[in-house]
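Asker: Residue numbers (the working numbering), protein chains in the order written: chain A, 1 to 277; chain B, 1 to 332; chain C, 1 to 285.
Derived by calculation from the structure, the hints in this document are not laboratory data.
All values reported here derive from a predicted model rather than from experimental measurement.
Certain hints may be false.
[What the hints assert, rightly or not] Selected chain A positions facing chain B (in silico; Cβ < 8 Å):
1) Glu57
2) Arg179
3) Gly183
4) Met239
5) Ile274
Ideal placement from N, C-alpha and C gives every residue a C-beta, glycine not left out.
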Amino acid sequence: MSPENPFVPYLATVKNVVTLTPDIKLLGLELDDSIVRDNFSYKAGQFAVLSAFGVGEAPFCLASVSHPKGELEFAVRRIGTVTTSLQELEPEAAVGVRGPFGNYFPLDDNKGKDIFIIGGGIGMAPLRPVINTILRNRDDYGHLLIINGARTPQDLVFQAEFDIWASSPRTQLELTVDRGDDGWKGRVALVPAVIAELNPSPENTVAITCGPPIMIRFTLQELRRLGFQDNQIITTLEMKMKCGLGKCARCNVGDMYVCKDGPVFTCEQISKFIEQF
Amino acid sequence: MTQTISRKNLLSWLGRLLEERLLIAPTHTTGPTLFQPVSTVEDIVFDFDNTALSAKEWFFPATETLFWAEATDGRTELVPATVEREAVIFGLRPCDAKGLALVDKAFLAEPADTLYQQHRDKAVLVGLSCRKVSPQCFCTSMGTTPNDPTHVDILLTEAEEDYIVQIVTQKGKALLPDNLLVESEVVPPPPPSPPVVPAEGIEEVMRQAFDSPYWSRLADRCVHCNLCAYVCPTCYCFDIRDYESKGKIERVRSWESCQSPGFTRQAGGYNPRASKEARLRQRFYHKLLYFPEDFGAIACVGCGRCVQVCPVNIDIREVISDIQKIGGRNVP
Amino acid sequence: MNQQLRDKAKELLERGTVECVIGYERATDGSSARPLFVYQPEEADRLIFDQTCTHNLVKYLLNKKDKTTAVVVKPCDSRALNLLFNEKQIQREKVSIVGVVCPGIVETGWNQVSQTLQGRCQRCRQHTPLVYDFLVGEPPAEEAPPAEAYADVAEIEAKPLAERQAFWDEQSKRCIRCYACRQVCPGCYCSECFVEQLQPPWVGIKIAPPENNMWQTIRAFHLAGRCSGCNECERVCPMDIPLSLLNRKLEKEVWELFEFQAGLSAEAVPPFATFKKEETLGIGE
Numbered sequence: 001m002s003p004e005n006p007f008v009p010y011l012a013t014v015k016n017v018v019t020l021t022p023d024i025k026l027l028g029l030e031l032d033d034s035i036v037r038d039n040f041s042y043k044a045g046q047f048a049v050l051s052a053f054g055v056g057e058a059p060f061c062l063a064s065v066s067h068p069k070g071e072l073e074f075a076v077r078r079i080g081t082v083t084t085s086l087q088e089l090e091p092e093a094a095v096g097v098r099g100p101f102g103n104y105f106p107l108d109d110n111k112g113k114d115i116f117i118i119g120g121g122i123g124m125a126p127l128r129p130v131i132n133t134i135l136r137n138r139d140d141y142g143h144l145l146i147i148n149g150a151r152t153p154q155d156l157v158f159q160a161e162f163d164i165w166a167s168s169p170r171t172q173l174e175l176t177v178d179r180g181d182d183g184w185k186g187r188v189a190l191v192p193a194v195i196a197e198l199n200p201s202p203e204n205t206v207a208i209t210c211g212p213p214i215m216i217r218f219t220l221q222e223l224r225r226l227g228f229q230d231n232q233i234i235t236t237l238e239m240k241m242k243c244g245l246g247k248c249a250r251c252n253v254g255d256m257y258v259c260k261d262g263p264v265f266t267c268e269q270i271s272k273f274i275e276q277f
Numbered sequence: 001m002t003q004t005i006s007r008k009n010l011l012s013w014l015g016r017l018l019e020e021r022l023l024i025a026p027t028h029t030t031g032p033t034l035f036q037p038v039s040t041v042e043d044i045v046f047d048f049d050n051t052a053l054s055a056k057e058w059f060f061p062a063t064e065t066l067f068w069a070e071a072t073d074g075r076t077e078l079v080p081a082t083v084e085r086e087a088v089i090f091g092l093r094p095c096d097a098k099g100l101a102l103v104d105k106a107f108l109a110e111p112a113d114t115l116y117q118q119h120r121d122k123a124v125l126v127g128l129s130c131r132k133v134s135p136q137c138f139c140t141s142m143g144t145t146p147n148d149p150t151h152v153d154i155l156l157t158e159a160e161e162d163y164i165v166q167i168v169t170q171k172g173k174a175l176l177p178d179n180l181l182v183e184s185e186v187v188p189p190p191p192p193s194p195p196v197v198p199a200e201g202i203e204e205v206m207r208q209a210f211d212s213p214y215w216s217r218l219a220d221r222c223v224h225c226n227l228c229a230y231v232c233p234t235c236y237c238f239d240i241r242d243y244e245s246k247g248k249i250e251r252v253r254s255w256e257s258c259q260s261p262g263f264t265r266q267a268g269g270y271n272p273r274a275s276k277e278a279r280l281r282q283r284f285y286h287k288l289l290y291f292p293e294d295f296g297a298i299a300c301v302g303c304g305r306c307v308q309v310c311p312v313n314i315d316i317r318e319v320i321s322d323i324q325k326i327g328g329r330n331v332p
Numbered sequence: 001m002n003q004q005l006r007d008k009a010k011e012l013l014e015r016g017t018v019e020c021v022i023g024y025e026r027a028t029d030g031s032s033a034r035p036l037f038v039y040q041p042e043e044a045d046r047l048i049f050d051q052t053c054t055h056n057l058v059k060y061l062l063n064k065k066d067k068t069t070a071v072v073v074k075p076c077d078s079r080a081l082n083l084l085f086n087e088k089q090i091q092r093e094k095v096s097i098v099g100v101v102c103p104g105i106v107e108t109g110w111n112q113v114s115q116t117l118q119g120r121c122q123r124c125r126q127h128t129p130l131v132y133d134f135l136v137g138e139p140p141a142e143e144a145p146p147a148e149a150y151a152d153v154a155e156i157e158a159k160p161l162a163e164r165q166a167f168w169d170e171q172s173k174r175c176i177r178c179y180a181c182r183q184v185c186p187g188c189y190c191s192e193c194f195v196e197q198l199q200p201p202w203v204g205i206k207i208a209p210p211e212n213n214m215w216q217t218i219r220a221f222h223l224a225g226r227c228s229g230c231n232e233c234e235r236v237c238p239m240d241i242p243l244s245l246l247n248r249k250l251e252k253e254v255w256e257l258f259e260f261q262a263g264l265s266a267e268a269v270p271p272f273a274t275f276k277k278e279e280t281l282g283i284g285e
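Please model the entire structure based on the sequences and the hints provided.
Answerer: Shown next as structure tokens:
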């Protein structure tokens, strides 16, 4: 955003629009100003506020890994006025970007550990840069186990990348759907059941999970049953946002602002929140 | 020895000021007394308790354009709003001035809200001490006093026929010429004493009382309008929305409050704070716990406007007292 | 009268007829009133009814749809009850109506209680609620004739258009869109108010005229034929905007067009809530 005014976005241009699922598209943007582009660096977990000019703004997690020359990628699910408008954009359209905002997954602090990633539906969007960061620094991490669930096979988000993930060293990718279809030969089970089936050890492991609230709830139950401590489980919270800067006082859960103090929190932190949803 | 200014000189000084700057002062309207720009000093109201809305609306307007976006020849250009005009806010009560200082903590924290900062930088605050308290006042329980000069540039205190002048900042000194001031032996009158509200240690008690059924009972009668937040000098929640007209886009922010039923409603319909209880509780917790945790002060200045305007008499003084009692404190 | 009210409340709670009694108690200024929700019989001694009890408590029933509730109603409030029964917003069986004979409510606000009756009470034609299960208080032996219903409306109507425009522009300049008027109104219960809709954006979020004008005017239209004249909207407005003028202008129009007044019975359907083929008002002829 303009350094003179944190409410004024950076201008960016849509470079790519890829349909991922019936209601999710991957938007690839390039910031117009080269100096801004070179200095826009972020870590997995952070988000940006995208403007569909004339319609409004909404926060989206950065689904790409930070790179000075790289596009900013966002997985946008069509659900309201702004997301519908963003999905209708074509390459060369102008959008606004404010950010990067928020905190990030503590990947540096967890080097040398096994990483257990559990994602459901659009929840894979913030987890994709986590996976890609690990893959680009493969030797820094131990075993990588990924459970990726969705309602139906069509709703699995990053299908084009599954082969890359699965074929990485010391990496196991387990897919599952709530409901299969005619072509689906894979697992049909709810995510918590898959966790139970795989029975991973919590020893020297950190679990990172994002997905619909109901999936999170039962995932946490299952992880705790397996012996994961709350400080070994990391997730993201989502609240309605407007400014993204900690000014409009809208996105708080108790005294924590999701835009400033989050969106990444450990379950231990969340358990101590004065307000529980 | 104190410095004073005669009423005559005060009015002529204000008359000169309004020729160069925007002079905002308490004025009569067909409704209540409000801070408005004046074009003549005769319009300034001196005999008032407090304005219906705090002075915050001149720094954080009820509606403000953040920027314009225009697309020409396939290129989009963004034009940020700026504040051009120098202003003087006259007749600011110490409670309202403290209110601005509290909003500063939120808005000027990194990254600073530059539009608000421009408003603040371009305005000089001329405060007016209170000679009497109103039944709803409790400023001394909230860290200020009826004659507190801390958060203004100049403070005036009525004393007999004249005004005692305290120049507090360089900005104030630059605004008020020395030759209008007269040395005097008049003694500053003692400030009035508003009733005391037992706010000491409220944060700790609030922390324990989050799940108390008290909030549900209180929320029963709350109608969830936005009145308390809008008249409050320290409430600052806002909404942002785009307007489009003939190819020109405007991004506007407007006041909103946590009491609004849809305040936390997400696209798709999920609303974590849908219940009346949760919304009502949010406002008190923000003021009495979250803001102090973040910024070190209770977000209340004891002006009592919320007490005056609440259609159903939700009274923050009563709430503080009740919560202290729930926390086992022996308070009136 | 207070004792009658308290005893009735205690009885309803003790018998389990209702889970809550909604009435009035003294406010923190010691002189005005505020709503009170009584859940336990021993709390019923806080209930009062006097000329400061201005609030329309019927609105609260919309938060208690699945509960049995008793509510204290004045005649104007009872008309709001009829509206909500008719529009199927509350179930008659779930409500115990404690009607009070109303001597008229005085001008009142926090720490301000005057001797003057509110305008709506001066114009009022009913001192006994139109619907109730129990009645508290004695109907007066004789009633003073009510004031002229539309004198102030007629005054505005008589002004030339430009003056009327200027008058309402002046009012809407002061509106801060606090929505207190909407929130206290029993007729305003949409789960998403038109003013908050994004698609289409009927009215935006700019707290400025002419959006404020649109807000006030459209709300008044949504209440045409439904407004019970309780005047709470005008009382709660912090900017002293004479909102009841808008509502009563439309009330006058509805009377002249349809001979209909809101809330007189739970069976009468408001004119704009129904459509009859034969009523085309000459359009298309």
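Asker: Could you run down the list of hints and mark each one as holding or not?
Answerer: The hints, checked one at a time:
1. Glu57: 7 Å, holds
2. Arg179: 20 Å, violated
3. Gly183: 29 Å, violated
4. Met239: With a closest approach of 6 Å, the Met239 (chain A) hint holds.
5. Ile274: Status holds, d = 5 Å.
In this structure, the earlier hints numbered 2 and 3 are contradicted, and the remaining ones agree with it.
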